Every structure is written in C-alpha cells, then in structure tokens.
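Participant: Sequence:
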Amino acid sequence: MKIYNTLIREKQEFVPLVEGEVRIYTCGPTVYNYFHIGNARPFITFDTLRRYLEYKNYKVIYVQNFTDIDDKMINQANAEGITVREMADRYIREYYIDADNLNIKRSTFQPRATDCIVDILDMINVLVNKGYAYVAEDGVYFSVEKFETYGKLSNFNLDELEAGASERVCINESKINRADFALWKFKKEGEPSWESPWGDGRPGWHIECSAMSRKYLGDTIDIHCGGQDLIFPHHENEIAQSEATTGKPFVNYWMHNGFININNQKMSKSSGNFFTIRDIVQKYSYEVIRFFILSSHYRSPINFSEDLLAASQVALERIRNCVNNNTFIIDNRKKTGFEENIIANLDIQELKEAIAKAKTEFIASMDDDLNTADAMAALFDLVRVANIASTKDNVPSSILNEASTIIIVLFGVLGIKIIQEETIPSEVIALVVDRVNAKNEKNFALADEIRKKIGDFGFTVSDTPAGPKISKI
RNA sequence: GGCACCAUAGCCAAGUGGUAAGGCAGAGGUCUGCAAAACCUUUAUCCUCCAGUUCAAAUCUGGAUGGUGCCUCCA
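To convert a position in the first sequence, counted from 1, into the working numbering, add 1243.
Mixed in with the good hints there might be a few duds.
What the hints assert, rightly or not - Computed list of lysine-lysine pairs in DSBU-like fashion (alpha-carbon distance at most 35 Å, straight line): (1) K1526 with K1491; (2) K1635 with K1315; (3) K1595 with K1635; (4) K1458 with K1254; (5) K1302 with K1635.
Claimed, not checked - If you anchor each label on the Cβ, the simulated ranges turn out as follows: (6) T1603 with D1332: 21 to 29 Å; (7) T1703 with E1593: 27 to 35 Å; (8) Q1592 with P1492: 25 to 33 Å; (9) A1607 with E1645: 29 to 37 Å; (10) G1461 with N1506: 37 to 45 Å; (11) F1700 with E1560: 48 to 56 Å.
Simulated from the structure, these hints should not be mistaken for lab results.
It should be emphasised that the depicted structure is a prediction, and the values quoted were computed from it without experimental measurement.
Glycine is no exception: its CB is placed at the ideal position from the N, C-alpha and C atoms.
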C-alpha cells in the first residue's frame, strides 16, 4: 500500500515497524461542543484507513485522544458554572453518540489528557533535564532553537517564522524565541491545576499528544494522522518534543486530510460557519454523511452543501436498491420453488467477472493512498452488471448473492452500512395484500389509495414481475 | 513577506506520459394500469490560459490568471 507522507511530500510504500502490526495515533477532539462535519472528516477518513488495514489482516493499534483541558474549555465551563471535568464528561458522551452512529470504530485506546498528567510530567522532566526546556514566568517552555530539525514537517525555518510573526503582537517577553511553546502553563485564578516540580499548573496542548502517543504506542509509531491545519504548529511541536525526549524518530508516516469548506472558505468553530453532525442528521442519515465524505479523496478540499448531500443520498440508494433487489429476487425464488438453470452462460460469466474486477479494483484504489472515490466507482460498476443480471432467470441465486455480499463487505470496509434493519409492520403487510386484490379487480383508484396509506407508515410498495416489493422510505 | 495546495462536463469527482472512470442532474426510449426501481441511448474532439519537452501530455517543465490554506486556537 502506498501512503502520501507529508514529511517527504510524496507517496511512499507503507512498511510497518513490526510486520503485520500498525500503530496509529490520530489527534482527537477538544470536547467542548458537538463536533462538526469538518471535525468528522479526519475521524471518518482515518477510521476508514484503520478498517482497510484490518481488512488486509494487519493488527491495528489505534489511539485517538480527547483533549479535555485547554483555554476554550476553561472559559466555557466557567461561563456555564460547571467544572471542566463535567463539561468534558458531557461532550465525550455526545462524541460517542455521533461517532458510533457514523460507524467510527472505537479506538483501541482513547485516553484523556487529564488522565495522563503523570506521563506528561515525565516527558517534560526529561526535556528540562536534557536542556530542551526552560522555566519562564508563566510556564515551562520548549526551546525550538535547541531542536536542530525544527520545521522539517511544515517546511518552515525559524527565520521565516520570525518574519511572519513580526506583524503580530509578541505576547510573552519571557520566551527565548517567539516560536517557543508552552509545555506546562502555571496556574491562574479559577483554573484547574495539577502539582508539578516547577509549580502548579496544567499541560500545554502539544505535549499531551506526544505523551499519550508514547504511553500507548511507544517511542516510534507508524502513522500519525490529523487535519492539515495541525501540521503547524501542533505536529511540528510534537516531533520536537518526542524526538528530543527519546532521541528516536517519532513518526514514520504523517497523513493529513484536507478541509471541508463552506462557499470555498474553511469551516471552523472559530469562524462560526460550521454545521454539526447533529444539525445535519435532522435531514440526512449518518451513512449519507459518511458516503459524502468518502466520495472525494481525503487530501482534497470538499465544498460542503446540501445539494451534494442530496446527491450522495441518491447515490447510496442506488447501491442499496441493488442489494435489496437481489435479496427480494432470491427470497421470491425460494418461496415459489423456482428451478434454476445452472447451465453456464454468458450472463453468469459477465457477473462473475464483474465481481472479481470490482474486488481487484477496489483494493488497487485503496492501496493507492486510500483513494476511496475510485474504490467506490469500482463498486458502482459492479452494481450496474448485477442489476442487469438480476433481471435474468438464467443467473443463479448463489451468484447474485455473491455480488450482494461483495458489495456489502467492501462498503463495510468503507464503514458504510448497506443493509438497514427494517421490520415491516403487520398493518403494512395487510395493506399490501389488499392492494394486490384491488389491482386484480382492476380497481386502480383503490390500489392507489392503499399505496398512499402504506406511505403513511413510512413504506413504499413497488410492483415487480415477482410481485409487490415493500421498502422503507 | 515566507511556506504549502488546488484549477477536469450543468453540479460533484477519479485519472500523474498512450489518447477522458464513476455518481448526481438533464434529454429520449424500454418496462408498468399508473408509479417506483432498473436497463438502453445520449450529455467534455477535450481537461483555466500561453509557451516548451516528447512519436505521444489533462498528466512533465517554465510562465500567466484565478482560488484556498498555514505562519495565531483550529480537523
């Protein structure tokens, strides 16, 4: 499999540290709100990476953290008159509701920053002892000048950063270099704090991820994921802290997803132009959201709009119709005792070839830097052939079933559920029987009236050569 | 100012040297009591523009134009 590695800015053959195992760390949410569609992109993208690696029989150790202490959280908790911990608990619960519904697998480990204070302090201690960190007025800082390769991920050098920063206000005069960042922030009035050798306080944002990654995955990991906006300073700083601490490479492959835009502008909590998952599912299902995200390459920007969501919904229905239709035909054949013509023929051959091709192309696309859009196209090709085959009596049920299975399994690798649980109420079944009778009596006005009633239950009935087919709206 | 990225049909989108996938929308048709679904046909002589390299470029090189992001919390 090839992965685009931000560190070298090109695609690279993926070779894990330990054969058959993959260690992945991905930066999780700061839990002070419901998460929005922009936050959902990395969760979904890298969950798909994980599922694909597992599909390829790798053992994946996946860590996604919760940032449960920072300025925004403190401010909001104070405003609401609750503790930071209470607010974090609440939005972690809410996170899981959305994440579970989006079919994002639970991480192998999902640590909270405030539960790893000991590990964070250990790391800071090493950095101070090694001379990479120093104590200033308001906290302990990492000295970027001490870390020679600072800037290797983002392609910034310290002089350029100085030039950029010159237009901005220099907030803290006690720092040696403007780019120095806080490892530990000393306590201010009204803030939660923990004891440390340098004074009570709380961890800086960057050190959390370094410490949690190291705690659960070791000094060097295979893949570190996140949004492109985290490249600098967050990931750059993680590299500096981790490599300064251990003297070993921190991450072999850096993967970064593109943004979701609104009217070609970045969507973000701070700009206020965001849609939460909770907002969107008022109108579109979780599967549609996931389908929408995966229908572009993960590194490309996506422009979000309701029209695109609507298009994704219809496209997903096309897949579901194919599978449901196959199921209907197969069940119907069993009921009616349909005798299958098992003589080999061209239609069977075509479908068999389409199944094999879909699988091969799906894997080839996913192997090419997780090209989910191309992988989905391969499955749409199979859907077309399967739809044709399903109209022919000379294609055995077993092969129709095989087509359905491969579609379900491979969409499952993308984390998209094709089969929807649905129980048809007995009232609906009775109405369908009534409608068949009405139709037999050529009483079409009554038949249409009954169809409307069925619609009131949230179901549709369509007439097929094999009889009425009921499906949920 | 520095560093990155992007530009493909009405819309979305794949394609990194061999002559434009796929989805949505549209048009016509088949099937149907009517629908729905499905199928068939159709929808970019061409990939923002201009040069260049090559037998061959949407794909490589240089330039232009337009757009976005990062350099500050941010997925």
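Participant: Hint by hint, say whether it matches the structure.
Facilitator: Results for each hint:
For a cut-off of 35 Å, the pair hint linking K1526 to K1491 is broken: about 48 Å separates their Cα positions. For the given pair, K1635 sits about 61 Å from K1315 by alpha-carbon distance, which is inconsistent with the 35 Å threshold. For the hint linking K1595 to K1635, the alpha-carbon distance of about 14 Å falls within 35 Å, and the restraint holds. Distance hint between K1458 and K1254 is fulfilled; the C-alpha atoms sit about 29 Å from each other, no more than 35 Å.
Our distance criterion of 35 Å between C-alpha atoms is broken by K1302 and K1635, whose separation comes to about 42 Å. For the pair T1603 and D1332, the supplied restraint of 21 to 29 Å is violated, since their beta-carbon distance comes to about 47 Å. Separation of T1703 from E1593 is about 30 Å and conforms to the stated range, judged on CB atoms against 27 to 35 Å. In this structure, Q1592 and P1492 break the distance hint of 25 to 33 Å, their C-beta atoms being roughly 51 Å apart.
Checked against the given bound of 29 to 37 Å, the beta carbons of A1607 and E1645, roughly 20 Å apart, lie outside it. Distance hint check for G1461 and N1506: the Cβ-Cβ separation is about 43 Å, which falls inside the suggested range of 37 to 45 Å. A hinted range of 48 to 56 Å is violated for the C-beta pair F1700 and E1560, which are about 19 Å apart.
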